[in-house]
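Enquirer: What follows is each chain in one-letter form.
There are 2 protein chains.
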Amino acid sequence: MRYFLLIALSTHSFGHNFLSPLATLRSAHSTLSHAFTRRRPYPTIQMEETLRKALAEKQSAVDSQGNAVRALKAAKATKADVDAAIEALNGLKLEKASIEKQLQAAVSGGDGSLSREAFRQTVNNTLERRLFYIPSFKIYRGVAGLYDYGPPGCAVKSNVLGFWRQHFVLEENMLEVDCPCVTPEVVLKASGHVDKFTDLMVKDEKTGTCYRADHLLKDFCNEKLQKDLSITAEKAAELKHVLAVLDDLSSEELGAKIKEYGITAPDTKNPLSDPYPFNLMFQTSIGPSGLSPGYMRPETAQGIFVNFKDLYYYNGNKLPFAAAQIGQAFRNEISPRQGLLRVREFTLAEIEHFVDPENKSHPKFSEVANLEFLMFPREEQMSGHSAKKIPLGEAVSRGIVNNETLGYFIGRVYLFLTRLGIDEDRLRFRQHLANEMAHYAADCWDAEIESSYGWIECVGIADRSAYDLRAHTDKSGVALVAQEKFSEPREVEKLVINPVKKELGLAFKGNQRMVVEALEAMNEKEALEMKATLESKGETEFLVCTLGKNVTITKSMVTISKEIKKEHQRVFTPSVIEPSFGIGRIIYCLYEHSFYTRPSKAGDEQLNVFRFPPLVAPIKCTVFPLVQNQQYEEVAIVISQSLTTAGISHKIDITGTSIGKRYARTDELGVPFAITVDSTSSVTIRERDSKDQIRVDVEQAATVIKEVTDGRTTWADVWSTFPHQSSASADDE
Amino acid sequence: MRYFLLIALSTHSFGHNFLSPLATLRSAHSTLSHAFTRRRPYPTIQMEETLRKALAEKQSAVDSQGNAVRALKAAKATKADVDAAIEALNGLKLEKASIEKQLQAAVSGGDGSLSREAFRQTVNNTLERRLFYIPSFKIYRGVAGLYDYGPPGCAVKSNVLGFWRQHFVLEENMLEVDCPCVTPEVVLKASGHVDKFTDLMVKDEKTGTCYRADHLLKDFCNEKLQKDLSITAEKAAELKHVLAVLDDLSSEELGAKIKEYGITAPDTKNPLSDPYPFNLMFQTSIGPSGLSPGYMRPETAQGIFVNFKDLYYYNGNKLPFAAAQIGQAFRNEISPRQGLLRVREFTLAEIEHFVDPENKSHPKFSEVANLEFLMFPREEQMSGHSAKKIPLGEAVSRGIVNNETLGYFIGRVYLFLTRLGIDEDRLRFRQHLANEMAHYAADCWDAEIESSYGWIECVGIADRSAYDLRAHTDKSGVALVAQEKFSEPREVEKLVINPVKKELGLAFKGNQRMVVEALEAMNEKEALEMKATLESKGETEFLVCTLGKNVTITKSMVTISKEIKKEHQRVFTPSVIEPSFGIGRIIYCLYEHSFYTRPSKAGDEQLNVFRFPPLVAPIKCTVFPLVQNQQYEEVAIVISQSLTTAGISHKIDITGTSIGKRYARTDELGVPFAITVDSTSSVTIRERDSKDQIRVDVEQAATVIKEVTDGRTTWADVWSTFPHQSSASADDE
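First to last, the sequence lines map onto chains U and C.
Taken in order, the first sequence gives residues 1 to 733; the numbers are from our numbering.
Taken in order, the second sequence gives residues 1 to 733; the numbers are from our numbering.
Hints are not guaranteed to be accurate.
Pairs involving identical chains hold if they fit within one copy or between any two copies, as the list cannot separate such chains.
Derived DSBU-like pairs: lysine-lysine, alpha-carbon spacing no greater than 35 Å straight-line [stated by the list, open to error]:
{"#": "1", "residue 1": "K206", "residue 2": "K309"}
{"#": "2", "residue 1": "K562", "residue 2": "K227"}
{"#": "3", "residue 1": "K360", "residue 2": "K661"}
{"#": "4", "residue 1": "K269", "residue 2": "K224"}
{"#": "5", "residue 1": "K601", "residue 2": "K562"}
{"#": "6", "residue 1": "K601", "residue 2": "K318"}
{"#": "7", "residue 1": "K309", "residue 2": "K138"}
{"#": "8", "residue 1": "K138", "residue 2": "K360"}
{"#": "9", "residue 1": "K706", "residue 2": "K309"}
{"#": "10", "residue 1": "K661", "residue 2": "K562"}
{"#": "11", "residue 1": "K706", "residue 2": "K651"}
{"#": "12", "residue 1": "K309", "residue 2": "K661"}
{"#": "13", "residue 1": "K79", "residue 2": "K525"}
{"#": "14", "residue 1": "K601", "residue 2": "K485"}
{"#": "15", "residue 1": "K224", "residue 2": "K501"}
{"#": "16", "residue 1": "K691", "residue 2": "K537"}
{"#": "17", "residue 1": "K318", "residue 2": "K691"}
{"#": "18", "residue 1": "K309", "residue 2": "K691"}
{"#": "19", "residue 1": "K565", "residue 2": "K93"}
{"#": "20", "residue 1": "K196", "residue 2": "K138"}
{"#": "21", "residue 1": "K309", "residue 2": "K93"}
{"#": "22", "residue 1": "K73", "residue 2": "K101"}
In case anyone wonders, no lab produced these hints; they're calculated from the structure.
Quick caveat: nothing in here was measured; it's all calculated off a predicted structure.
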């Protein structure tokens, strides 16, 4: 067998390592340097972790000072010395108490800022109330892990996907394909999903309720570490070690830990079964016979790999090229948690960039080489440092990032996410550690976004070498390869194995064919060893697998030699570099990064705002007649028609509600601009975040909105061009 | 039970009646009036059917003239009379032979035009060779009924969906939602799919191969009618009748017909099993327990219905409003045939327009009232007439179309399809006959497009009354209703049923509650009858279902009266008008309507062209340096960058291939414009269908392409503005 079929799916299966224990552990090494930006509404994980670390240090200082006091007393030291030592101890205790208080505040929000949970609750209440999302099949009490996008959510998603197509498919001339979700078993057998795409599950032994074994263990460890401030340093280290190796634990090891810690079913406290694997694919049957098993695809990538040959031809038999696919993927999670971040059906956008393994340079790399953003290389993680800003060109030239093409995509992903509105201070590119990466992968980086749930893997960017194309070549028998035609023939030294059939026939009779095939199938090393043995000893023992035994090969039965051959082309399996985007996760993080509150003018309530850039905003503009009045309504309708013609999504609101309330309502949907009709000749345009207003002629309104939402001009330019309008009369009643 | 759960899913299940026998039969009544338009590359079905009818008439004329000759001979008529009769007979036979020849030509393409099958083959070869579509999982020998969209197909689909969003969602302010494909059983139980969404299947008794029972019977009848020119008029009428009632046949009736006609398995000629129902949904299991059955949704509509309450609230508790959804739907077809038209997974775009059943007017109806296109009302179909042009306003005012809202959507669908490039002469709106429509539907029209497969149902536009919302109200217990608040309270006469609990308790003891509930549940008619009987006889027998028996109710046990009540609002279940688009079918028909061939300049081959409008074209523009030359390539790259900035999908081709070949290659992809760089200051722009070329400055090129592809100007305008370029030197080498 030429290729190793043992694979670590976790690296390929985007999102499968969600909030991995490694990520949790690693964040403890971070500093406070990025702790409080303008936009972050809750204490960072880093801050919490730093405080926790400081607390542990202070605790050991208290402990050793306590020992010192006892030692002084035992040694009958002078009262002055003992008192001084006690004073020092009390000082340390006070410091410890202060850190404890800070930590408590950071965890619960007691310092006036919101706790992460409270912030998340506020965002999610707003999202659900305004139908950004709806738990699916709600009137039937829903299904865990399934969510609908309601009207504004659907518009945001459509905008994100539209920009993805523009930024990747169009600008990079990618070949987009659209394959079915229903997939026959043979395809997912080849990819390894049928055998390996599993999670370990435990069952409540009395009720039969199912849980993910690693989640229960992780929850136990985190709970202990976070809630129990009294555990010993040794115990804490042990729990942290369990979290660090959680993904590597076997079924037996997981089961043993669960027993050791006495973990029971969370809801009932009943005992749990031993862990056993559960395949995460939704299974079905294709056609009426019941004989063709199929699955709902767990990723969109396989549809591209199986089409490699046609796509390569479509591209004029030239490398490199990229194919892309946007579509639904399905994972039958054991017990989905964490809302919109771990769901059973989701939209993936995947790129497979096929490249010659001997040349992974990228012609457009210079366009991204000067970008500088948070990177978290393997070595920084191992040595306990934190993510730091590295210019991308340097990261590639220093070999931190394996090759230019991988680096180019990292840069393009950074641009994509930040243009959507992801806060660059809460975005980092984290390199996979050796134990996270499949053996065949050359390098792998995740774009992780910090949310109230922690650092979330939202885009995986992996150099998967030739693994996938080889797996499908092996299974299908169709060669998924590329050719490089040489401009002139090249001389290549080749090993030639020539079995002498006559001699073999005499020696092995009916088994001759099996022996011939086995000889021809030797690799270079085996053949050279045989050649040496035959030359020195005249014969050798040789295992023929198809016969299940050794046979004796003599010198006269085979000639093995190196020959110089002329070759006109090179045939090879391309490497694939795969950026894989979890669209739903990106959108959820975008919601958190865009959300803020501000007091109403009267100061009696907090108003919610999403600061979506126009590119993402579900509705670009609203049109409000200031008061209910036929003339104003007519003007509003005229403006609405010009907006429709210009292709700008908008909403008219002619209810008699106060203008301040109408602004607040649409701020909560993230609508960036509001046109208010307060005369028949000119209108005001209000910008959401500054609440600044300008005055423009009725005829200009749609054009101004079009230019500023298309990005052809900025609000600052508009602000400096048109007369300003005092907002006192209208806004925030 | 208030609502009838018996439903005819065929009307709702879009596409399920594909190429229904009724459509086949009906086309026989059409005339030749639309037979040969400029664009139709093969004889119409109508033409064939008309010839077939003429042939049958001529055959009976021959028969009766033959009888006349025999009668004359038997009567010993004069030789002159007999000869004259024989001459007439021979004349008739010659005419019959001539019609036969025409028919043969029309069926096989022997008249020089392509046969339908040959045309289809040419289109499909082109589509598959250029990767508009690819049989899914081809390297594993594929799966029937699953297709991928390759790069140009994917771009066409994305353009069609983008225009759908613009034309419907944006222009009509619809609420778009996006729900999962995985659907729990309870939802599809309520909708009726679990029980009724079946096809009748027969099995080859020896091999187990499955077939759709109605397809086998249909094929048999069509084959007989089309290939066997000798069958008697009676036999032909019988076969046509079978085709007409095919959809109404029970399992037993279908089985009996299959036996009567001796139909066997098509591949093996083995006997067939009796027909039995097969549910067409892909089944799966949600979560790890195996206790939650689920299905891949067979349509997107249910996701909207279950969200009605939230969407109504989102719309400010106001009617009418429409919700829309684009997404994948799944049908596990028994044996998919007819390529891209009957597939197991497909994209649906559905609109559910919720409206007060007492007011189905539409404020924008006047905008479509003057449209005039082919309509095929129920009565025309029944009376054997053909589709005819009727102004939409007239169709509504004369009551042919049930209401303005339904009419408005018919008009909008017409505009949508024709703007995509569907030939309006091969598009008709056909009203469902009584036996096609569910009992609850108020009216239903299909947009049918003529393709080489016949008339294809591509959009269904149905007034489904309150059926769906009521079904989910009943099953979920959540009232999916709307309220109309009256500006002042209204007096309403109401029937009031007051059971006298004391008397009932004495009479029925422990059964009292069941009797009370049964009395309260009486409808108006039942209650009035009871009132009359009690007044005349003093007592009556009354069936209490929950007790399973009759009880005797006396006058003292209940009072039934009509009372005047004041009501402040009306609570009602909205009606829903549902336009449902089969996106894949529309795209396939668009391919056929857009395809044509023209001879190469040398005349030695036929070149393929897709005449997609810019809106639909997968790539809007190509950039070709005329010859391989660094200066020209640099200009080409500059133009390419401006096109990217303008958001125009395009392709550079710098191969040394002749310009004529490069034009031909992209004509075959339907690229409307080509920019050829033949100097460093100015370039030519070529239009695909006319092959006309203009000359523009390098700086203008992207702008001209942008304006003409956005529809802000036309090629005719561009042609009259810029200098013309002789094409002799470049095109069609």
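Enquirer: Confirm or reject each hint.
Expert: Each hint tested on the structure:
When the C-alpha separation of K206 and K309 is checked against a cutoff of 35 Å, the pair qualifies neither within a copy, at 53 Å, nor between copies, at 38 Å. For the homomeric pair K562 and K227, neither the shortest alpha-carbon distance inside one copy (68 Å) nor that between copies (67 Å) is at most 35 Å. Within a single copy, K360 and K661 get their C-alpha atoms only as close as 56 Å, which misses the 35 Å cut-off; across copies the closest is 32 Å, which meets it. For a Cα distance limit of 35 Å, the shortest separation of K269 from K224 inside one copy, 17 Å, qualifies, whereas the shortest one across copies, 71 Å, does not.
Proximity of K601 and K562 under a CA criterion of 35 Å is satisfied in neither setting, with 87 Å inside one chain copy and 55 Å between copies. In this assembly of identical chains, the alpha carbons of K601 and K318 lie at most 35 Å apart only when taken from different copies (30 Å versus 62 Å within one copy). For the homomeric pair K309 and K138, the shortest alpha-carbon distance between copies (10 Å) is at most 35 Å, but the shortest distance inside one copy (44 Å) is not. For a Cα distance limit of 35 Å, the shortest separation of K138 from K360 across copies, 29 Å, qualifies, whereas the shortest one inside one copy, 49 Å, does not.
For the identical chains of this complex, K706 and K309 are inter-copy neighbours only, at 34 Å across copies versus 43 Å inside a copy, given an alpha-carbon limit of 35 Å. When the C-alpha separation of K661 and K562 is checked against a cutoff of 35 Å, the pair qualifies neither within a copy, at 85 Å, nor between copies, at 46 Å. When the C-alpha separation of K706 and K651 is checked against a cutoff of 35 Å, the pair qualifies both within a copy, at 15 Å, and between copies, at 28 Å. For the identical chains of this complex, K309 and K661 are inter-copy neighbours only, at 23 Å across copies versus 58 Å inside a copy, given an alpha-carbon limit of 35 Å.
In the homo-oligomer, the alpha carbons of K79 and K525 never lie at most 35 Å apart, since the shortest distance is 80 Å inside one protomer and 103 Å across protomers. Taking the shortest alpha-carbon separations for K601 and K485, only the inter-copy value of 33 Å comes in at or below 35 Å, while the best intra-copy value is 72 Å. Proximity of K224 to K501 under the C-alpha cut-off of 35 Å is found in neither arrangement, the shortest distances being 70 Å within a copy and 62 Å between copies. Proximity of K691 to K537 under the C-alpha cut-off of 35 Å is found in neither arrangement, the shortest distances being 91 Å within a copy and 78 Å between copies.
With identical chains, the CA atoms of K318 and K691 are at most 35 Å apart between copies only, with a shortest distance of 30 Å across copies and 53 Å within one. Taking the shortest alpha-carbon separations for K309 and K691, only the inter-copy value of 33 Å comes in at or below 35 Å, while the best intra-copy value is 55 Å. In this homomeric assembly, K565 and K93 never come within 35 Å of each other (Cα to Cα): the closest approach is 80 Å inside a single copy and 76 Å across copies. Taking the closest pair of Cα atoms, K196 and K138 come within 35 Å of each other both inside a single copy (33 Å) and across two copies (24 Å).
For the identical chains of this complex, K309 and K93 are neighbours neither inside a copy (70 Å) nor across copies (58 Å), given an alpha-carbon limit of 35 Å. In this assembly of identical chains, the alpha carbons of K73 and K101 lie at most 35 Å apart only when taken from the same copy (31 Å versus 124 Å across copies).
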